[in-house]
Amino acid sequence: MSEHHHDHDHDHSELSDTELRVRALETILTEKGYIDPAALDAMIQAYETKIGPHNGALVVAKAWTDPAFKEALLADGSAAVGTLGHVSRTGDHLVVVENTPERHNMVVCTLCSCYPWEMLGLPPVWYKAAPYRSRAVKDPRGVLADFGFTIPKDTEIRVWDSTAETRFLVLPMRPAGTEGWSEEQLAELVTRDSMIGTGLVTAPGAPS
Amino acid sequence: MSEHHHDHDHDHSELSDTELRVRALETILTEKGYIDPAALDAMIQAYETKIGPHNGALVVAKAWTDPAFKEALLADGSAAVGTLGHVSRTGDHLVVVENTPERHNMVVCTLCSCYPWEMLGLPPVWYKAAPYRSRAVKDPRGVLADFGFTIPKDTEIRVWDSTAETRFLVLPMRPAGTEGWSEEQLAELVTRDSMIGTGLVTAPGAPS
Amino acid sequence: MNGVHDMGGMDGFGKVEPEPNEPMFHAEWEARVLAMVRAMGATGAFNIDASRFYRETLPPEVYLSSSYYKKWFLGLEDMLVERGFLAADEVKAGHASAPPKPLKRGSFTTNSVDRVLTRGSFTRPASAPAAFAIGDRVRMKNIHPTTHTRLPRYVRGHVGVIERIHGAHVYPDTAAHDQGENPQWLYTVVFDGAELWGADGDPTLKVSVEAFEPYLDPA
Amino acid sequence: MNGVHDMGGMDGFGKVEPEPNEPMFHAEWEARVLAMVRAMGATGAFNIDASRFYRETLPPEVYLSSSYYKKWFLGLEDMLVERGFLAADEVKAGHASAPPKPLKRGSFTTNSVDRVLTRGSFTRPASAPAAFAIGDRVRMKNIHPTTHTRLPRYVRGHVGVIERIHGAHVYPDTAAHDQGENPQWLYTVVFDGAELWGADGDPTLKVSVEAFEPYLDPA
Numbered sequence: 001m002s003e004h005h006h007d008h009d010h011d012h013s014e015l016s017d018t019e020l021r022v023r024a025l026e027t028i029l030t031e032k033g034y035i036d037p038a039a040l041d042a043m044i045q046a047y048e049t050k051i052g053p054h055n056g057a058l059v060v061a062k063a064w065t066d067p068a069f070k071e072a073l074l075a076d077g078s079a080a081v082g083t084l085g086h087v088s089r090t091g092d093h094l095v096v097v098e099n100t101p102e103r104h105n106m107v108v109c110t111l112c113s114c115y116p117w118e119m120l121g122l123p124p125v126w127y128k129a130a131p132y133r134s135r136a137v138k139d140p141r142g143v144l145a146d147f148g149f150t151i152p153k154d155t156e157i158r159v160w161d162s163t164a165e166t167r168f169l170v171l172p173m174r175p176a177g178t179e180g181w182s183e184e185q186l187a188e189l190v191t192r193d194s195m196i197g198t199g200l201v202t203a204p205g206a207p208s
Numbered sequence: 001m002s003e004h005h006h007d008h009d010h011d012h013s014e015l016s017d018t019e020l021r022v023r024a025l026e027t028i029l030t031e032k033g034y035i036d037p038a039a040l041d042a043m044i045q046a047y048e049t050k051i052g053p054h055n056g057a058l059v060v061a062k063a064w065t066d067p068a069f070k071e072a073l074l075a076d077g078s079a080a081v082g083t084l085g086h087v088s089r090t091g092d093h094l095v096v097v098e099n100t101p102e103r104h105n106m107v108v109c110t111l112c113s114c115y116p117w118e119m120l121g122l123p124p125v126w127y128k129a130a131p132y133r134s135r136a137v138k139d140p141r142g143v144l145a146d147f148g149f150t151i152p153k154d155t156e157i158r159v160w161d162s163t164a165e166t167r168f169l170v171l172p173m174r175p176a177g178t179e180g181w182s183e184e185q186l187a188e189l190v191t192r193d194s195m196i197g198t199g200l201v202t203a204p205g206a207p208s
Numbered sequence: 001m002n003g004v005h006d007m008g009g010m011d012g013f014g015k016v017e018p019e020p021n022e023p024m025f026h027a028e029w030e031a032r033v034l035a036m037v038r039a040m041g042a043t044g045a046f047n048i049d050a051s052r053f054y055r056e057t058l059p060p061e062v063y064l065s066s067s068y069y070k071k072w073f074l075g076l077e078d079m080l081v082e083r084g085f086l087a088a089d090e091v092k093a094g095h096a097s098a099p100p101k102p103l104k105r106g107s108f109t110t111n112s113v114d115r116v117l118t119r120g121s122f123t124r125p126a127s128a129p130a131a132f133a134i135g136d137r138v139r140m141k142n143i144h145p146t147t148h149t150r151l152p153r154y155v156r157g158h159v160g161v162i163e164r165i166h167g168a169h170v171y172p173d174t175a176a177h178d179q180g181e182n183p184q185w186l187y188t189v190v191f192d193g194a195e196l197w198g199a200d201g202d203p204t205l206k207v208s209v210e211a212f213e214p215y216l217d218p219a
Numbered sequence: 001m002n003g004v005h006d007m008g009g010m011d012g013f014g015k016v017e018p019e020p021n022e023p024m025f026h027a028e029w030e031a032r033v034l035a036m037v038r039a040m041g042a043t044g045a046f047n048i049d050a051s052r053f054y055r056e057t058l059p060p061e062v063y064l065s066s067s068y069y070k071k072w073f074l075g076l077e078d079m080l081v082e083r084g085f086l087a088a089d090e091v092k093a094g095h096a097s098a099p100p101k102p103l104k105r106g107s108f109t110t111n112s113v114d115r116v117l118t119r120g121s122f123t124r125p126a127s128a129p130a131a132f133a134i135g136d137r138v139r140m141k142n143i144h145p146t147t148h149t150r151l152p153r154y155v156r157g158h159v160g161v162i163e164r165i166h167g168a169h170v171y172p173d174t175a176a177h178d179q180g181e182n183p184q185w186l187y188t189v190v191f192d193g194a195e196l197w198g199a200d201g202d203p204t205l206k207v208s209v210e211a212f213e214p215y216l217d218p219a
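Residue numbers (UniProt numbering), protein chains in the order written: chain A, 1 to 208; chain B, 1 to 208; chain C, 1 to 219; chain D, 1 to 219.
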């Protein structure tokens, strides 16, 4: 049972209570002159339009097709991503970790919800909820089973607990059958979960 | 904030929901022939009348006045209590631990609510609740402060975590000014909390 | 299991709140729950370790927000359904509709009350001599079973001293899961506060746990 | 603090439940809460470490039963009241009635939005050379502060290996409590699964944490 599933807020009367309290707080902050509600609108709009897994997908596709970029990316994620005009605001602390047939990487934040917003957007509910946060570091194969996949039993599983301001992006394995594809085509294949380590990238029609 | 304070059952509608569910379960168990409700009545009546801290208080008072009994009690709590006609059903696993000017004992069950029922009755809500269970083993002096008292700062504090079926009874220090008192008089002074280690025994008019 | 029930050393639960003149029960249903748990235990439907495990496996937010007897009730209901003494649709209907399951020690009647009021013994014959003696230094094993255990997290990996030996007792780690009484030597192991809590710990603190032999390594 | 937020390695929370086509927000108020937290942070009313600490100190049953943005909201409200940016009676009334408290970096206006969208840097000049090198074995200290820390319980006392060095970063343990940025070297420390979880652990598992130098002892 996920935290979300149990959320008391899903009760309608409590939902409206929360809504009312949130509105009241915004009213007070506005009346105090601390914030301009229009600035909140603009911020929310930016989150809804500018960030998201498409940013990470472009970085992954580029790494798959440009060996020099990949090398730079693994050496210093922030610096390498900074060289791409279309992906911005990555911050200084991006660490990119590469999946290989020998090692599968998975990212968690056991203490709260640290996540590479600039690369992947806002984290999904499950990433911030107790089942994932509690089990990822102890039973990652059980967690992957909840996502419906398994990895070979002798593959190392490396779990990165994001306990500081470093942020981790998994570079998934490029699927077979995508030789000669363009960066744009490849980027279409890259899912958010594959960059967290809770999914694999598969090509349509290709064996996963 | 205690667990009790937050108890959702205190909401009236939820209380009646719990009541209804409890009654339904008893009905089913009865209809199945597993239990006789009259036997539950008899059991509850026995708990309400036969067990309670008066049992422990008698043991403590006896130990204060009878050095041989005290020695036997500290060596084997169950055996020593078994020799007293008026205190029964102690079980095999009673351990009595003595408070001295050098050492203050305190009993907790961090994992659930283990407690010497036969000596002290059913445990109070606070004993079974998270604040006591979580803090007793790490910050016992803070816990004692919640009970409104302190012990000298160089007195050893020994906390007994009841993680098995052994049960612990604290033998508190006999208060000054009670020389010559009878066992019965002394037993009146002995509080439940003093036998858990979260209280001291004081004599009326005597310095605590 | 590493559940929220294993709360020794946790912060954030607030002050202890003693209740003056606390009644034995805060509602009549609490007494019925207590009595049902004791009665069904006496019939042999479950042992004390299993009943603890069912309470521990309540959803953590339920465990933390429910009163004590509410947890007992929820654990009892789950346990009786899962072990086939009740059907989920009977619970829903509030009435029995299927035949009972045979009880190891028979129904709980007024004749059984006395037996419940006398505390059972958990001592059993030992199958081997005790591996440790009073005064021995031991390190608590770093185990993380998802099943029932009585080794709290806050002492795992830490070094203590054997202070008392209680004989061989029923082993909760197997008994909770109907894997037998599997008696094990039981010890009181005492730790310095600083060993458990580091430099910030109370220097006058000593904490003991009751530990079964399989929890211990020589240190 | 040893709070319920520190849940790495805990059992009993059930399955992970991915939500297909999950929306960015599940209600409009969630977006407002996110924006208010980011905006008030940008005004200098609090830093990210303080905001985490206020969420961690919510009552544990509230922490576990509230949705993510509900926790953000509750933590924000507590923090603004406790730091004097709001009065409790203003919250109750739903309107401001007292003069504002001056903000370190001024009001949050449309001109401030861009600044929030660019992630800040937590790197700071180091005051001393790094005490550890890549490949060094280190033991995580057994600390149990009641204040904010980023050293999770499940690695305390355990031995790992320094794998990466990230430079000196703002130290959350002091920054959360307005005791300064106090920059400390930050390392990736990697552990074998068996070191953390014992014999029952997944033999193919390795887990790393990001650990500040004060958390580490040579091993």
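Please keep in mind that the hints were generated in silico from the structure rather than gathered at the bench. Misleading hints may appear alongside valid ones.
Just a few of them, taken from the derived set where beta-carbon distance is under 10 Å, the chain C residues facing chain D [as the list claims (entries may be wrong)]: (1) G12; (2) G14; (3) S65; (4) L117; (5) S121; (6) G157; (7) V161; (8) E163; (9) D200; (10) T204.
This one's a predicted model, so the numbers in the text were calculated from it and none came from an experiment. C-beta atoms are modelled at their ideal positions from N, C-alpha and C, and glycine is treated no differently.
Results for each hint:
Here the hint on C:G12 is kept, as its CB sits about 5 Å from the closest CB of chain D, short of 10 Å. The interface hint given for C:G14 is met, as the beta carbon of that residue sits about 7 Å from the closest beta carbon of chain D, less than 10 Å. A distance limit of 10 Å between C-beta atoms decides the matter here; for C:S65 the minimum to chain D is near 4 Å, and the interface restraint holds. About 33 Å separates the beta-carbon of C:L117 from the nearest beta-carbon of chain D, more than 10 Å, and the hint is not met.
Hint on C:S121 is violated. Least Cβ distance to chain D is approximately 31 Å, over the 10 Å limit. Interface restraint check: C:G157 against chain D, minimum CB-CB distance 5 Å, threshold 10 Å, status holds. Nearest Cβ of chain D to the Cβ of C:V161: about 18 Å, over the 10 Å cut. The hint is violated. Here the hint on C:E163 is broken, as its CB sits about 22 Å from the closest CB of chain D, past 10 Å.
Interface restraint check: C:D200 against chain D, minimum CB-CB distance 6 Å, threshold 10 Å, status holds. Hint status for C:T204 relative to chain D: violated, with the closest Cβ pair at about 17 Å, above 10 Å.
Comparing the model with each numbered hint stated earlier shows that hints 4, 5, 7, 8 and 10 do not hold.
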